[in-house]
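Protein chains in written order, with our numbering: chain A, 1398 to 1690; chain B, 1398 to 1690.
No lab work stands behind these hints: they were computed from the structure. Note that the coordinates shown come from a computational prediction; the quantities given were computed from them, not determined experimentally. Each residue gets a CB set at the ideal place from its N, CA and C atoms; glycine is no exception. Warning: the hint list may mix true and false statements.
Heads up, incomplete: computed chain B residues facing chain A, CB under 10 angstroms, no partners named [what the hints assert, rightly or not]:
(1) Leu1489
(2) Pro1492
(3) Ser1498
(4) Tyr1504
(5) Ser1524
(6) Ile1652
If you want the footprint, here are the derived chain A segments under chain B, 3+ residues with CB under 8 angstroms [what the hints assert, rightly or not]:
(7) 1408-1414
(8) 1422-1431
(9) 1442-1449
(10) 1479-1490
(11) 1498-1504
(12) 1516-1525
(13) 1530-1540
Number of protein chains: 2
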Amino acid sequence: MPTIRELGEDALVQQIIASLPQDERVLLGPGDDCAVVRGSENAQLLKVDAIVQDVHFTLDTEPRLIGRKALARAISDIAAMGGIPEHALVTLILPPETEASFVQQLYLGMSAIAARYEINIVGGETSRGTQMVISVALTGSASHWIRRSGGSVGDVLLVTGRLGGSIARHHLTFEPRLQQALWLGQYHRPTAMMDISDGLAKDLPRMAAACGVDFRVDVVALPCNAGCSPQRAWTDGEDYELLFAINEARVESLIHDWANAFPTVPLTIIGKLVAIGEGNAHQLAAGGWDHFA
Amino acid sequence: MPTIRELGEDALVQQIIASLPQDERVLLGPGDDCAVVRGSENAQLLKVDAIVQDVHFTLDTEPRLIGRKALARAISDIAAMGGIPEHALVTLILPPETEASFVQQLYLGMSAIAARYEINIVGGETSRGTQMVISVALTGSASHWIRRSGGSVGDVLLVTGRLGGSIARHHLTFEPRLQQALWLGQYHRPTAMMDISDGLAKDLPRMAAACGVDFRVDVVALPCNAGCSPQRAWTDGEDYELLFAINEARVESLIHDWANAFPTVPLTIIGKLVAIGEGNAHQLAAGGWDHFA
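Just chain A, same shape as in the assembly:
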């Protein structure tokens, strides 16, 4: 048997998913940004996300920003399903020599973004460990949830914001695209949507595979952050922008309405979904972020 480094993250996840117990209360199981289960009026979204010291942050980072990031990532996933975040639970693994003030600042950062998005932090768990880990479980609700697998051949692919170079600062300070995602779900019904967390080069193939189609993307057309090449916009991780597909007939009105609704947030057509075998993935350098590589 291989190690998980040799196997890779996606293959590991596929192996795990194959045999999980699930019954009719589950509307959507593992493999998307969130799980979806039966709720009261609306469906309930469930998400867990973790950040690890020296993988997602370093100890010289301001602790408020570490706490902020831990929750913001999960909000981004709830947003990417077209949902509204509700309640958070926090697991903190901490080395015993951690300063109590560090933990307080971390929680202040988390509480501030929770308050901003009207999220309750309802519970948590602490344990000691050799390396700091912050795992956030977040619930949400959605009247119309958007999976990543609903796209069809011919749908146009778009991304919000600009990509690449997130490591400089954006990965700590990004604003989850919650408002934009809710607006999209309400007025323009994307056929598929996800947030870009491991880099477009990894996440777009995941979306296309989930849709059972291929993709063509124009890397030179990618919206790049200042100082970033299109290649980095393609492969860098932690953008936390929305990637979505929409019926071609709706694109023109979307672009028009978006400019009025979000004049400061770029929206860029980056390609389209095509039939299997007609994609251009093989012409693009592979890349993106594998947690075990």
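Given chain A's structure and the hints, the job is docking chain B onto it.
Same frame as chain A, but now just chain B:
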């Protein structure tokens, strides 16, 4: 500022809890076995719990039992609120050199106990780290939930099962007292209930403090596992038995009915809740498990 080792787990948690954002959707916030939020017909219970390599298990443990334990602990907390577990999310932090077969076995153990308790595993998160961590977020529902803070002076204290010596094997193989907890909630309405995870010596004072009362406990009367002294039954952790308080007038019928319902599970009166200043905690050796000590 102190380190968290100096501060201790309970003080750290108190500091964190003090400033968390919460609104009217939260029926019960941090500090009990689970959080309680508004659900559809029933209240929804939310719990997160983590186990860490070399703290809660070692790598020479059978991986199926590690996975089993990770979920069983959270089930025990849902049970301790009088709830029924529903959906689980799993965060796995893994060293890249972990064998893929280890992860498969771990998930098999988790899936088996999930299936046994009709729990859906709906999602997860994986990341690399230097030390293995398994954090489980679990939802549940409860028509009548039981907090740990409802006990009054004069209420009788009872525990299920036998205590102490869990490290030998029980901490990996225990059956969460879900059936018993639901039965108690339905027929005998404990005034306060929690599961014993950090040892009675730590958990009973927490319950008494939450009730705003003191306790008297007869350590010699504690139900001990084979080979365990009453002292160890008092201080050892990871029993995962139920500790609950009940109105004195209900005790006799409870003992009678319990013997019919659960003939193989001991139920033992261990003491009672008393007015502040009338307890005997000062006569007992302190102890129990502090995660940062």
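Checked hints:
1. Leu1489: Hint holds; Leu1489(B) Cβ to chain A Cβ min 8 angstroms, cut 10 angstroms.
2. Pro1492: holds, 8 angstroms
3. Ser1498: holds, 4 angstroms
4. Tyr1504: Since chain A brings a Cβ to about 5 angstroms from Tyr1504(B), closer than 10 angstroms, the hint holds.
5. Ser1524: holds, 5 angstroms
6. Ile1652: Violated - the Cβ of Ile1652(B) stays beyond 10 angstroms from chain A, reaching only about 33 angstroms at its closest.
7. 1408-1414: Answer holds; 4 residues pass the 8 angstroms Cβ test.
8. 1422-1431: holds (count 5)
9. 1442-1449: holds (count 7)
10. 1479-1490: holds (count 6)
11. 1498-1504: holds (count 4)
12. 1516-1525: holds (count 10)
13. 1530-1540: With 4 residues close enough to chain B, the hint holds.
Comparing the model with each numbered hint stated earlier shows that hint 6 is the single one that does not hold.
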